[in-house]
Amino acid sequence: MNAALRKLFSFNGGVKPQTHKAESTRTPIVPLPLPPVFVVPLHQSVGGTPIPLVKPGQKVLKGERIGAADGNYSAAIHAPTSGTVVAVEPRTMAHTSGLSMLSVVIEPDGDDQWLATEKFPFQSAAPDEVRDYLRDAGIVGLGGAVFPSHMKLKPGKATPMKTLVINGAECEPFITCDDMLMRERPAEILRGICIMRELLQAEEAVVGIEDNKPEAIASMQTAAATMPYVQVVAVPTRYPAGGAKQLIRVLTGIEVPHGQRSTDYGVQCFNVGTAYAIHEAIELGRPLISRIVTVAGHVDTPRNYEVRFGTPMDFLVQQAGLKTGCDGFVMGGPMMGFRMPAFDVPVVKATNCVIAATPALFPPPPPEMPCIRCGECARACPTDLQPFEMYWHSRAKNFGKAQEYSLFDCIECGCCAYVCPSNIPLVDYYRFAKTEIWARERQMEAADSARQRFEARNERIEREKREKAEKLAARAAATRATAQADAGSAPSADGADDAKKALIAAAIERAKAQKPATAEAPAVADASTQD
Amino acid sequence: MLNNSPYVRANSSVTRVMLKVLLALVPAIGVSLWLFGVGILIQLALASLTALACEALMLKARGKPMRLFLTDLSAVVTAWLIALAFPAIAPWWLVVVATIIAIVLAKHLYGGLGQNIFNPAMVAYAAMIVAFPSLMSQWPSTQLDTAAQLQAVFGHADATQRAMDAITSATPLDSLRTGLRAAGATVESVVQSPVFGWAGGSGWEWLSLAYLVGGLWLWQQKIITWHIPLAFIGTLAAVSGVFWLVQPDSFASPLLHLAAGGSMLGAFFILTDPVSAATTPRGKLIYAAGAALITYLIRSFGAFPDGVAFATLLLNICVPLIDMKTQPAVFGHKQ
Numbered sequence: 047m048n049a050a051l052r053k054l055f056s057f058n059g060g061v062k063p064q065t066h067k068a069e070s071t072r073t074p075i076v077p078l079p080l081p082p083v084f085v086v087p088l089h090q091s092v093g094g095t096p097i098p099l100v101k102p103g104q105k106v107l108k109g110e111r112i113g114a115a116d117g118n119y120s121a122a123i124h125a126p127t128s129g130t131v132v133a134v135e136p137r138t139m140a141h142t143s144g145l146s147m148l149s150v151v152i153e154p155d156g157d158d159q160w161l162a163t164e165k166f167p168f169q170s171a172a173p174d175e176v177r178d179y180l181r182d183a184g185i186v187g188l189g190g191a192v193f194p195s196h197m198k199l200k201p202g203k204a205t206p207m208k209t210l211v212i213n214g215a216e217c218e219p220f221i222t223c224d225d226m227l228m229r230e231r232p233a234e235i236l237r238g239i240c241i242m243r244e245l246l247q248a249e250e251a252v253v254g255i256e257d258n259k260p261e262a263i264a265s266m267q268t269a270a271a272t273m274p275y276v277q278v279v280a281v282p283t284r285y286p287a288g289g290a291k292q293l294i295r296v297l298t299g300i301e302v303p304h305g306q307r308s309t310d311y312g313v314q315c316f317n318v319g320t321a322y323a324i325h326e327a328i329e330l331g332r333p334l335i336s337r338i339v340t341v342a343g344h345v346d347t348p349r350n351y352e353v354r355f356g357t358p359m360d361f362l363v364q365q366a367g368l369k370t371g372c373d374g375f376v377m378g379g380p381m382m383g384f385r386m387p388a389f390d391v392p393v394v395k396a397t398n399c400v401i402a403a404t405p406a407l408f409p410p411p412p413p414e415m416p417c418i419r420c421g422e423c424a425r426a427c428p429t430d431l432q433p434f435e436m437y438w439h440s441r442a443k444n445f446g447k448a449q450e451y452s453l454f455d456c457i458e459c460g461c462c463a464y465v466c467p468s469n470i471p472l473v474d475y476y477r478f479a480k481t482e483i484w485a486r487e488r489q490m491e492a493a494d495s496a497r498q499r500f501e502a503r504n505e506r507i508e509r510e511k512r513e514k515a516e517k518l519a520a521r522a523a524a525t526r527a528t529a530q531a532d533a534g535s536a537p538s539a540d541g542a543d544d545a546k547k548a549l550i551a552a553a554i555e556r557a558k559a560q561k562p563a564t565a566e567a568p569a570v571a572d573a574s575t576q577d
Numbered sequence: 394m395l396n397n398s399p400y401v402r403a404n405s406s407v408t409r410v411m412l413k414v415l416l417a418l419v420p421a422i423g424v425s426l427w428l429f430g431v432g433i434l435i436q437l438a439l440a441s442l443t444a445l446a447c448e449a450l451m452l453k454a455r456g457k458p459m460r461l462f463l464t465d466l467s468a469v470v471t472a473w474l475i476a477l478a479f480p481a482i483a484p485w486w487l488v489v490v491a492t493i494i495a496i497v498l499a500k501h502l503y504g505g506l507g508q509n510i511f512n513p514a515m516v517a518y519a520a521m522i523v524a525f526p527s528l529m530s531q532w533p534s535t536q537l538d539t540a541a542q543l544q545a546v547f548g549h550a551d552a553t554q555r556a557m558d559a560i561t562s563a564t565p566l567d568s569l570r571t572g573l574r575a576a577g578a579t580v581e582s583v584v585q586s587p588v589f590g591w592a593g594g595s596g597w598e599w600l601s602l603a604y605l606v607g608g609l610w611l612w613q614q615k616i617i618t619w620h621i622p623l624a625f626i627g628t629l630a631a632v633s634g635v636f637w638l639v640q641p642d643s644f645a646s647p648l649l650h651l652a653a654g655g656s657m658l659g660a661f662f663i664l665t666d667p668v669s670a671a672t673t674p675r676g677k678l679i680y681a682a683g684a685a686l687i688t689y690l691i692r693s694f695g696a697f698p699d700g701v702a703f704a705t706l707l708l709n710i711c712v713p714l715i716d717m718k719t720q721p722a723v724f725g726h727k728q
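Sequences listed follow chains S and Z, in order. Be aware that the first sequence starts at 47, since it is given in the numbering used here, and climbs by one per residue. Be aware that the second sequence starts at 394, since it is given in the numbering used here, and climbs by one per residue.
Just so you know, these hints were derived from the structure itself, not from any lab. Think of the CB as a built atom: it goes at the ideal place given N, C-alpha and C, for glycine as much as any other residue. Mixed in with the good hints there might be a few duds.
[Claimed, not checked] Here are the simulated SDA-like cross-link-like pairs (lysine to any residue), alpha carbons at most 20 Å apart as the crow flies: (1) Z:LYS718 / S:TRP438; (2) Z:LYS453 / Z:LEU502; (3) Z:LYS727 / S:TRP438.
[Stated by the list, open to error] Far from chain Z by the CB rule (all over 10 Å, computed), these chain S residues: (4) ALA133; (5) ALA162; (6) GLU249; (7) GLU352; (8) ASP390; (9) PRO410; (10) PRO416; (11) GLY421; (12) ARG521; (13) LEU549.
When you get a sec, could you build the whole thing from the sequences and use the hints?
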């Protein structure tokens, strides 16, 4: 259904950087040839690191599970082609830190032979079975956040699901993988959307696409023409219109606050690539082993490839004709992307775009000047923050204050740093402050649990002392009672004398009782070391 | 290689912002030239040179990168505001001392660019009007030839003083105040004097118009937002309007208040100085409205003919509190 009449909302702020999208949309998507070797990192999504299921020397088939989801908050990893596992070892990740993570290194045998795949019986399966299946098919959000999708495909408890928002906005400059996917494979995306809508029991599904992609809009609208509950809507082109919260706001008017589930507001948001992956998994039984990746920047032919995870980035970029003078790869767009620590890091589920950077394309930032409080950043902020206030407090390591100014509502979209006339790398300050706060919280948690342990121990020692004292007192009272009974049988004239006797008797008893108590002491000490 | 995203930036810089402010002052400089003669150019040159010299000296003393901060043009903006706010025929040392106060005291001793609590030009103006009230209120009554102007600015003190009496007159707001307070006249009779023109002071209304034009251009260029000018002009018009309607004999009209004195300069160029102004949308409204109220009170009941400078400084003090109390609601937390 075409939605010319849907009421759109807007978010504050945003910027309009040069899009650089035309270059990579001139030619269709092509599958990338097999690289000589695949390095498949096990940790490619948010959540637990999958547990390796293969050993060096083992033969694997394309689509075979090589990493099992670690608990429910995780997603499985699969072999990108058939071949031999040559190593399971730490390799440099596609992360700016240069961190090494456990990876499965696979040498392709060239046959590219699928594991027998079959359609998942979606209609007859229980929702939980579908979610487990998607987890084991490795489906994660392909918009960049790589959050395990099965965890988001659950309707909220309190609010009925109204709108399933499908994110085809693709607001970051250079990136065109979603654009090309929507142009070429709209029917598959829509089938994925239908599956998600059923799982979420959403009333409607709305696909939001920035209005600078008329071909994608037309293609999706044509494919959705027969579906009464799917709307394909053009949204104004303004970065970051493709931020999940911004797009939800634009399409539904709902603002989902930081730290809250959007299902509690009756909405949920998925990327078009994720919808496509869900279709592949359910209808063809194919786990997530590849995605569309834009190659742009300093190359002869910027374009989109269907790339298997584990493909080294330099192999990918060379296919597009890497020119000399490239000083590094940026994964993602220029607003939120990351410099790669090496050229040969593998393509992962989060890789939507690889830009071959040059100093001319991304020049080093001009010297940082002091903040003049001009407020440009606040006007550009899509989250209505006061970025310069957060900057002052982060810089002064006044992290509590930075948090008061809603530091954790910041989505790190980069709009503030983009407009700053003083060239302050504002987002770097927020990343720094967040990291420091997390570190302190961990420290505090450690200190808290240490204190709790200490207090529990003190309390236990107190309790044991008290119990011992009570026991002794009870024993003393019993002795006194016997003494009194004895005294009663031989009546005495002086009550005070009796009391004195009783006290002495009790003291003797206590002295006697000390011996077994000390004998018990080692046992008590043992007990204390056990907890 | 080690920088982080974003890797692209809008084409903006502090220098560009300051350059636009300077450009926006050009219409006012033109009108001043036409009204009072070349004096304004002399004052601009004096103030700019002093400002750059002080800036360089302080940057050196503080071990800051010289070229980076000298080319940001912020010192030149301060210098031009001082030159425009001061009488065109003020003796040379008045503007020089004022500029030294602004750059050394009000700017660098507070930590330099972006750190000053008070508007440097207004600190200088306030210091000078307290120390030299008569020199600060002697504006040329007619356009003087270049020689007379040079004589006034650089001449020997005695000769200057004699010459000054002949060629200067009080500002319109000064005349109004003296007329109403000392002579006990009515507003209607005071504004019959040739000092007054069709709106504010004779000729002064054109100067105000020039500031308005430059200010509107700054707004169009998104260097300033509408909040401060509109709140200042609106509040000044409203407050003066109420007094004027109740007692038109003793209180000047809103039009005169807006067109005379430093109202337009203040509304568009002084109060909008981002470093010392409130930053939140609501905060800017409160800040500018407060400044307008104090300006009016000083003009109508205070000891000085104009009050924009003192009002600005007083509201500068309130900025941290205003900002703190007017933080806008964050996305998703608007209830």
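Checked hints:
Under the criterion of a C-alpha separation no larger than 20 Å, the hint pairing LYS718 of chain Z with TRP438 of chain S is consistent with the structure, at around 17 Å. Proximity of LYS453 of chain Z to LEU502 of chain Z is assessed by CA-CA distance (about 13 Å); at most 20 Å being required, the pair is judged to hold. With a C-alpha separation of about 24 Å, the suggested pair LYS727 of chain Z and TRP438 of chain S falls outside the 20 Å cut-off, and the hint is violated. Its beta-carbon lying about 29 Å from the closest one in chain Z, ALA133 of chain S satisfies the requirement of being farther than 10 Å from that chain.
Residue-level check passed: ALA162 of chain S sits 43 Å from the nearest beta carbon of chain Z, beyond 10 Å. With a closest Cβ-Cβ approach of about 22 Å to chain Z, GLU249 of chain S is found to remain outside the 10 Å limit, as its non-interface label requires. With a least beta-carbon separation of about 26 Å from chain Z, GLU352 of chain S lies farther than 10 Å from that chain, consistent with its non-interface assignment. Against the 10 Å criterion, ASP390 of chain S stays outside the reach of chain Z, whose nearest CB is about 16 Å from its own CB.
A beta-carbon of chain Z is positioned within 10 Å of the beta-carbon of PRO410 of chain S; the least distance is around 6 Å. With a cut of 10 Å on Cβ distances, PRO416 of chain S falls inside the contact zone with chain Z, its closest approach being about 4 Å. Not every Cβ of chain Z is farther than 10 Å from the Cβ of GLY421 of chain S; the closest lies at roughly 5 Å, contradicting the non-interface assignment. Separation of ARG521 of chain S from chain Z is adequate, the least Cβ-Cβ distance of about 64 Å exceeding the 10 Å criterion.
Look at LEU549 of chain S: its CB is around 70 Å from the nearest CB on chain Z, clear of 10 Å, so calling it non-interface holds up.
In the structure shown, a violation is registered for the earlier hints numbered 3, 9, 10, 11, in ascending order.
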